[in-house]
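Visitor: Can you join these two chains into the complex? Each is in its own frame, and there are hints to help.
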Amino acid sequence: MTEKAVEARKKGQRKSSDDYTYVGMVFHRLTRHKLAMFGAFMLIVILLFVFAGPLVWRADPNEQIEGLEGMFNVPSPAHPLGTDDYGRDVLARMFFGGRISLFIGFISAISSTIVGAVVGLVAGYYGGWADDLLMRFTDAMLSIPTFPLLIALASVMGKGIGQIILVIVIFGWMIDARLVRGLVLSLKEQEYIEAAHAIGASANRIMWRHLFPNTLAVLIVSTTIGIGGAIIYEASISFLGFGVQAPFASWGNMLQNAQQFIWNSPRLIIYPGLAIFMTVLGFNFFGDGLRDAIDPKLKL
Amino acid sequence: MDNREILVDIKNLRTFFYTEDGVVPAVDGIDLTIHRGEVVGLVGESGCGKSVTALSIIRLIPNPPGKIIGGEIFFHGEDLLKKNAEEMRMIRGDKISMIFQEPMTSLNPVYTIGDQISEAVTLHQKIDAVEAKKRTIEMLHLVGIPEPERRFSQYPHEMSGGMRQRVMIAMALSSNPDLLISDEATTALDVTIQAQILDLMRGLQKKLGMAILIITHNLAVVAEMAETISIAYAGKIVESASAREIFKSPHHPYTYGLLQSIPKFTEKKTNEPLPAIEGMVPSPYHMPKGCRFNPRCPFATEKCREEEPEILEFSPGHLVRCFHPIES
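Protein chains in written order, with the numbering used here: chain A, 38 to 337; chain D, 33 to 360.
With the rest of the complex left out, here is chain D (with noise of 0.2 Å):
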């Protein structure tokens, strides 16, 4: 149904991290695909393995304790896993870009905004100091910030949260990535502030036509933001849309709970307290059998304890992983 060229294509990715207490399966057989220039979201809450798979696209978990185990990614045909460190390093910062959830700590402290800007600008292109900083400049009044001339000569510290994560933002695109990863870019940052970081990220994505990968836990970002989205729980994606889909009819119990426990405007005034998932997150040294959704299901039978539902499409170009899919 999409006819764009597929950019990344990541199949049953399983990235386990070996502790002294176990092995926690953080990221346990993710499918995701992105097409050029699509904005795609990934959600889940915290320990679902969402920001695992980021950093298993661009090879930086941190090993030991973690591993990437099994599975494919494929960007632009090849498959990332197959790459030598150095074949991965020239394609960090270059074609994949990634930016981080806190703003404040992104940057090394001991340089201008300009030095840190020019370093990843001459990583990749093969530019002298001046052009870097007239590239540097452009980026910095591209992302949006005033007196680009001035700040270019700035540290860190003489920055705000939104300031640096502008900063942070011209740096992944200082050398016209195909793919930003945003991990939670804008959660740090207040809410005012993440509404103009999200209009500048959709601003620029029209601009220079990247593809987009939003990893967040809050709805609301990829709402505004992402095409398609997957919800991820404990390692697994277990529903994967259209934005539209997603929230007009979800069908996996997860997602519908999930939309369930945000507080609608149109609704009329009741004293009810907002409906929330019972239970908690399963452990990760304790994976529940089944289905990995089914002790904290309304919905569950004797067969979500026994078995492992597959992802399954529901309707075209809308996958469900559950053995009792809700209607809406």
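Bound conformation, chain A alone (with noise of 0.2 Å):
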């Protein structure tokens, strides 16, 4: 290097990736990632939606007009996205059932993505006894056909979000306990990891430290595709009528609902579509974007 660049980069006139800090450098090269900036701008575009359009409208979600001419009305002043079924006003439904599908759509996916990592990595680091049981066991979590057990289990754990909640993660986590299962076998032969027993590093520290963040790459995409997932799992549990309750919204009970009007009022079920299509591609392509930007070994 010339003693003209060396000036050069010591003025900040190019950044190198010396001048970042990890989360710096993460951040910078998602920045740069077309998709993924197009699915954050998906996400913004969904959250404004959902947090703050009740803000500038403000309506009743579940305020119903009585009357047939309440019913099913066309977009107006009055409802900028009509009513629906029971004469409720659509735009304020889409608001507050987006919260909802949102927060389950989160918290389950995470929630299975941790509980799958926890199993993965342990089946994955012991090996022998300790993988043969947890990976039948999540075979046989595999194999149960999910929805009968669900009714069982939701009549028996009773309706609410949390239940949702609790049972799209005893029902989703098994993917992700594979996926980190398969990479621990490979990771753990890795030299780095002979290495960190060689430095007298505990099993623990081992799992959760060396394997893993090497993981996280995989994980993230599974979570951020979870979520989608999750939403859509969530309009499954309320259309068995086990999920969020009526007059409650979520986009998934009012696509639902919508589909025995699909010929008469096709908008119903456009506006909830739409808005989980939109969420679900956002956290597809903002999670591929991630991917990229985490791993260390990628040079942007």
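Read the hints as simulated data drawn from the structure, not as lab findings. We put the beta carbon where it would ideally sit given N, CA and C, even for glycine. Where hints are given, some of them may not hold.
[Stated by the list, open to error] Below, computed lysine to any residue pairings styled on SDA-like, alpha-carbon distance capped at 25 Å: (1) Lys165(D) / Met62(A); (2) Lys127(D) / Ile243(A); (3) Lys99(D) / Ser273(A); (4) Lys115(D) / Ile243(A); (5) Lys114(D) / Asn241(A); (6) Lys115(D) / Asn241(A); (7) Lys158(D) / Met244(A); (8) Lys127(D) / Ala240(A); (9) Lys280(D) / Phe297(D); (10) Lys99(D) / Leu224(A); (11) Lys99(D) / Leu222(A); (12) Lys165(D) / Asn241(A); (13) Lys114(D) / Thr137(D); (14) Lys196(A) / Ser273(A); (15) Lys99(D) / Ile331(A); (16) Lys71(A) / Ile331(A); (17) Lys127(D) / Glu228(A); (18) Lys99(D) / Lys196(A); (19) Lys99(D) / Glu228(A); (20) Lys99(D) / Glu226(A); (21) Lys165(D) / Ile243(A); (22) Lys127(D) / Met244(A); (23) Lys99(D) / Asn241(A); (24) Lys127(D) / Glu104(D); (25) Lys115(D) / Gly165(A); (26) Lys114(D) / Ile243(A).
[What the hints assert, rightly or not] Interface residues of chain D toward chain A, partial, derived using beta-carbon atoms under 10 Å: (27) Leu92; (28) Phe106; (29) Ile131; (30) Tyr143; (31) Gln148; (32) Glu151; (33) Pro188; (34) Ser192; (35) Ile213.
Guide: Structure representation (structure tokens):
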């Protein structure tokens, strides 16, 4: 490097990776990832819609307009997105339903990833009978037909958001567990894990400090995709009558509810459908970019 | 003859691997003594049990399939094989450190090298993060890494192989170990870097005074570094003496063969091919009867095919496992 270049670098004219902390570097790379930025934009729009929307449009999502003329109204200044089969304001229901759907999606996707990661790490790291036991249990869970059990479970546990999250986690951690186990099986043979043993690191330290961060890239993608999946899962559970209970809205139960009117009022299906679509796509794009940005081996 | 305190005393170590195809006696009765501050070379071909010996010392033999089935490893007078897992963990990386062959993969890709050396420091010393960082930068400086403050926050992929091996050495030495095991630590590096790393290790050994066990297949590496050399063949030590003795007057036919196969500058130019040792390393599943070297040995007799020789003192401090040692 010429002295001039060194000077230029000192003045910060061209930033190298040395000039960033890890978080700073990830952020920097993320901002340069076009698809991730598009995903982030979609998510910001959705979040603004859901959280700032009610400040602008103050309507009660559960208030019903009595009589036939209140039902299936087309969009008008009084109801920007029209009304549904009970004569409720669809826009307001979209706001509040979105909050619930996003909350359920977030919490249950993150929780099932954590459960899956723990199971996968322990199984993959210890191997032997622990691996056999945990993975056969995982297989068993995967082979259970979800819906009949879901109904049984929901009737035992009662109805509510907490219960939905629990149910989604109970049936959602297995894929993550398998992913992590497979990764750990190959990662633990890496020399840096042997080196970690050689400096006297304990089993717990090796699992959580050395193996776990190396699986994060995969887990983040799996979680972001999982958020979309969980939102759809919530919709199915709500449809069965065990999810978010009427009159409270979620995008899932709005979608399911509108199914019966698909020929008369297709817009009732389009609004929540589009919202779910945008959310899932936004998370997937963003997750994809995040994975690239997190990977320290990758130079952008 | 060596009146320094004995640091490591391996007696009749036997480490076997129980695989689906049969039992592999990877290490079958290895004896090795390392004095305080001594540099010992353990030399042998692939599969002679030299790496397994190293892993046995720090008890990191993958189990299953591997198992230490016999022998003793005294370290500071205590048998490491009688220690429980937790006690052993406290010794690893503290009193005994190890550096590995592949510097490219021996560092965790998701942490900065500073983080990783600091981890080794804080695992065994009760110091806070600020002091650990100070110590880490000191170590990086010690192993000759320029701009240690900047390197501290770099990731392994931003460094070359030689640099990474320096980082590994810094990590291994951060706790002032009594014994450093170098398992083919320079093998993966190109020759100029190899020389630099060997220089560095030699310098650090003089400065810090730890004992080093150098495991290699490369006689040139131990010729430069080691005071005493043990030659391993098929899970056993066949010859052991001071480095000078080994190179000047090898007595075991295997050692002799190894040395013959190295080209020499002083020899007159000939068109003769380099002498090589005939045959192959025996399959670990079918060890030959008698002396394990007998199928390849030009001096083998009936006795060699029937009986296994003991390791005996040929001359003071020079041990040979052979019925017909070569007089030179």
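Visitor: Output the indices of the hints that this structure fails to meet, ascending.
Guide: 3, 13, 15, 18, 28, 34
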